[in-house]
Amino acid sequence: MFSKTAVVSSFVSTYLFPDTKVDIDFNLSSAIKNDTVDGFLNEFRSDIVYRLFDKTRSLFIYILFEHKSTPDKRTIIQLKHYLNSIESEIPEGEKHEGPILVVIYHGRRKWGISLLLDLDQPDPILQKHFSKFEYLLFDFYRIPDEKIIGSPQLRLTL
0 MFSKTAVVSS
10 FVSTYLFPDT
20 KVDIDFNLSS
30 AIKNDTVDGF
40 LNEFRSDIVY
50 RLFDKTRSLF
60 IYILFEHKST
70 PDKRTIIQLK
80 HYLNSIESEI
90 PEGEKHEGPI
100 LVVIYHGRRK
110 WGISLLLDLD
120 QPDPILQKHF
130 SKFEYLLFDF
140 YRIPDEKIIG
150 SPQLRLTL
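Counting from 1, position 73 in the sequence shown corresponds to residue 72 in numbering that gives the first Met the number 0; the numbering is continuous, with no gaps.
I should point out that these hints are in silico values taken from the structure, not numbers from a laboratory.
There's no promise every hint is true.
Below, in silico cross-link-like pairs of lysine-lysine (DSS-like), each with a Cα-Cα straight-line distance of 27 Å or less [unchecked claim]:
| no. | residue 1 | residue 2 |
| --- | --- | --- |
| 1 | Lys67 | Lys94 |
| 2 | Lys109 | Lys54 |
| 3 | Lys79 | Lys3 |
| 4 | Lys20 | Lys146 |
| 5 | Lys54 | Lys67 |
Can you make the complete structure from the sequences, with help from the hints?
Below, the structure is given as structure tokens:
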């Protein structure tokens, strides 16, 4: 369902930018392919990546959606791989933000996994040279159906 523009539009305005004026031009926005193959011929495919045009700031916002039904400690590594793939496809000189990494979780078990890639650098002098890598988690299993907001299509999807 996240392949439908109306669902993505509702999610973006309801959950990602509820208090911010973001005016998405869906005529200039699109879902983009994010399939990659590594050196061992392993195929990787994120659920969906959107390239949205924000008219307010005249730039593109990239959002990667990944769905999970069980907690997975390798999620952050998987997202990092997708991130590298997306960034290599962004046209040079394009004004953009993101990618914003979004995990939609529907599992029964609590997601007890860090949202931050911990590079385990004990030396504070070295730590400053490593960027933090974090993703957003939306755990809709823990939200009662009547509390889920957004368009009817989005509520059905979540």
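#### Entry: Broken hints, by number
Hints 1, 2, 5 are the ones this structure does not satisfy, whereas the remaining hints hold.
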